[in-house]
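As a plain string of letters, each chain reads:
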Amino acid sequence: MDLENQRRIKEFAEQYGSEDFILVLGGGEAEASGLAAETVSVGDPTFAGPLAGVSLGLKAYHIFELKDEIDPAVYEEQISMMEMVLDVDAIMQEVATYRG
Amino acid sequence: MNFPVIKGASYGLIQACDMVRYQGTTQTSEMRLNPASEYLAQMPGHLRAFADAVAYPPNQVYIGNLRPRALRDIPSPWYNNPIPNASAQGTYGAILPQEDFLGLMKAVDKFDLVLLEESFQNAAAERLAANAAVSGWKALAALQKGQAEAAQIEALVQEHKAEPLYNGGKLVGCVKKAHDFDAALSEHVMFENLVAKASAAFALALLLQKTGLAAEEVDYIIECSEEACGDMNQRGGGNFAKSIGEICECLNATGSDMRSFCAGPAHAMVTASALVQAGIYKNVVVLAGGASAKLGMNGKDHVKKGLPILEDMLGAFAVHIGENDGVSPIIRTDAVGRHRIGSGASPQAVMQAIVAEPLNRVQLRISDVDCFSAEMQNPEITEPAGAGDVPLANYKMIAALGVMCKDFEKSELAAVVDRIGMPGFAPTQGHIPSGVPFLGHCRDMILEGALNRVMIIGKGSLFLGRLTNLFDGVSFVVERNPGKADEPAQEATSNEAVRSAMAEAFSSLAASLRAQ
Amino acid sequence: MGILQGKKVAILGDRDGIPGMAIEECVRTAGADVVFSTTECFV
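Chains as they are written, first to last, in this note's numbering: chain A, 153 to 252; chain B, 23 to 538; chain C, 53 to 95.
Treat the hints with care, since some could be wrong.
[As the list claims (entries may be wrong)] Listed next, the stretches of chain A that the computed footprint assigns to chain C, with coverage defined by at least 3 CB atoms under 8 Å from CB atoms of chain C: (1) 166-176; (2) 195-206; (3) 221-227.
[Stated by the list, open to error] Computed cross-link-like contacts, DSS-like style, restricted to lysine-lysine with a CA-CA straight-line distance of at most 27 Å: (4) B/LYS160 <-> B/LYS198; (5) B/LYS160 <-> B/LYS326; (6) B/LYS132 <-> B/LYS167; (7) B/LYS326 <-> B/LYS192; (8) B/LYS304 <-> B/LYS326; (9) A/LYS162 <-> C/LYS60; (10) B/LYS167 <-> B/LYS192; (11) B/LYS304 <-> B/LYS160; (12) B/LYS192 <-> B/LYS264; (13) B/LYS198 <-> A/LYS219; (14) B/LYS327 <-> B/LYS304; (15) A/LYS219 <-> B/LYS432; (16) A/LYS211 <-> C/LYS60; (17) C/LYS60 <-> A/LYS219; (18) B/LYS326 <-> B/LYS132.
[Stated by the list, open to error] Label pairs and their calculated CB-CB ranges: (19) A/GLU166 <-> B/GLN111: 54 to 60 Å; (20) B/THR47 <-> A/PHE199: 15 to 21 Å; (21) A/GLU166 <-> B/THR47: 24 to 30 Å; (22) C/VAL87 <-> A/GLY252: 19 to 25 Å.
In short, the hints are calculated from the structure, not lab data. Keep in mind that this is a model prediction, so the values were computed, not measured. We treat Cβ as the ideally placed atom computed from N, Cα and C, and that holds for glycine.
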């Protein structure tokens with residue numbers, strides 16, 4: 153995950169706490185999405201950014217996992233085409249792994 | 023409508039292993055944040071030899087020795103399946119080793135900023151004098167003088183007055199800062215700008231060599247890389263285009279720089295087409311050089327997964343857009359797609375704006391387009407880094423859009439992707455992969471009758487500049503020339519008809535005003 | 053109660069997946085408060 157984004161997310165986590173603050177991902181690929189979820193949960197596995205060795209315990213969801221909560225018309229307009237393009241099941245499965 | 027045509031295209035690659043290590047931002051960031059890292063220690067062992075870069079199938083496609091779809095028949099990974107007896111010379115271009123390129127950087131430097139060690143410079147001068155693409159450059163005279171001593175170069179680098187130039191791990195030269203404290207003229211910025219200039223000049227030289235376009239025939243040059251040149255009072259003042267034309271002695275040309283991240287080349291192609299169709303200029307060249315910052319961008323993932331550092335190539339291209347000759351493929355300026363500010367950010371809104379809308383405007387469907395060239399990043403580079411197969415994702419999006427537009431059934435998705443697509447083959451150099459690497463192949467395949475209509479798509483991540491969250495995308499359609507270039511006699515008649523129609527309109531307007 | 057309702061949300065979009073702005077439009081309809089939204093680019 154981008155180092156500047158790690159820094160910003162760390163700040164927000166400190167401000168709001170892990171109960172009220174969640175991350176929503178739009179990754180196009182399972183591994184990269186999982187990496188982002190892992191980074192905000194247990195720390196940056198690449199040990200490159202501000203979240204290296206920092207366990208924020210944040211929950212991350214891919215937008216695909218939240219489909220039921222979104223206004224169907226808006227979801228259709230914004231996301232539906234990418235359901236035909238990306239490997240939805242693999243992405244959802246990978247991201248869910250890091251929520252414990 | 024008398025559409026402009028694609029008269030020719032050229033493609034240059036430069037293998038720059040030492041620049042990966044010393045100037046690629048992934049590596050320089052690592053040196054800053056974690057200088058003792060395992061990655062920096064392992065990375066040099068993953069760099070490949072020049073011969074391996076030449077024989078690498080995607081690079082052979084880029085310079086025109088193989089068609090893109092030939093990659094479908096080469097087993098993956100391509101880096102383990104080199105092309106036998108591959109040549110660094112290609113139908114559309116050439117691959118240059120770093121030691122020659124450093125000589126080119128010295129040749130294009132007009133402010134004595136580039137210093138090369140004496141024996142290195144002399145050897146580079148000799149090799150470049152024998153390189154048919156650039157041997158005619160008057161600028162090569164710069165290599166006959168100003169040879170530096172190793173100690174002088176070392177001192178400048180140590181005192182942070184110059185960016186180091188390495189070759190084979192050895193310090194062989196440097197690029198000096200152009201001002202004591204102006205950040206826009208720092209040694210690093212000057213290095214990046216000279217890389218962009220030298221590589222674009224190389225591509226322009228290849229275009230002149232390969233297509234027979236004469237330097238003095240070029241009227242206008244649009245440079246569309248992702249660099250900025252200027253000083254602290256106008257950081258992006260420009261103008262790369264004229265500085266590049268000067269090197270190739272395009273004495274009748276002027277030019278300017280156009281920017282839109284990776285979508286820059288598509289904007290430049292549309293603008294060049296408009297300038298030619300409007301009759302403002304007869305011959306316009308769209309070109310760009312490479313980005314040293316992006317070398318080794320995904321290197322950490324490549325090293326971790328045991329791959330060679332595949333991002334060791336600087337890319338460059340030049341395309342000649344000219345007046346309709348009745349033969350060369352036309353650019354359909356009536357079917358230009360654009361992502362509008364109000365189009366929306368969702369992938370379907372973007373694809374609707376740049377694919378479906380322009381086709382609808384000229385009563386075409388997605389199924390009428392034989393092939394799309396969107397973002398031709400080599401998937402062997404992006405997939406290990408978690409960025410997926412970018413061209414394939416684009417083809418799936420186009421096919422999915424076709425399903426939503428009822429051009430295809432959902433069950434046909436895979437077959438459509440196969441029919442309209444091709445494997446990515448371009449180095450991940452930002453603006454370089456964005457649609458244009460296919461123009462050379464596309465021109466010849468249309469002339470050969472293998473293709474009839476192609477859509478070229480450029481997309482850009484404007485949000486990286488932190489001024490807007492907007493995305494960008496531009497497309498245009500290239501088509502077989504129907505062979506109906508306007509003949510002078512017909513033009514005279516039609517002009518006559520227009521004049522008389524206008525005269526009639528004016529007189530009836532005058533009559534109605536009088537009546538009031 | 054849903055996952056998004058009343059939550060502060062940071063969005064990490066992907067240029068070659070779902071971009072940040074498209075996710076913003078969606079999560080707002082579920083009552084989330086978007087405090088940060090960005091899009092990453094790997095190419």
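*Please name the hints from earlier in the document that this structure breaks, with their numbers sorted from lowest to highest.*
Hints 2, 5, 8, 12, 13, 14, 18 not satisfied by this model.
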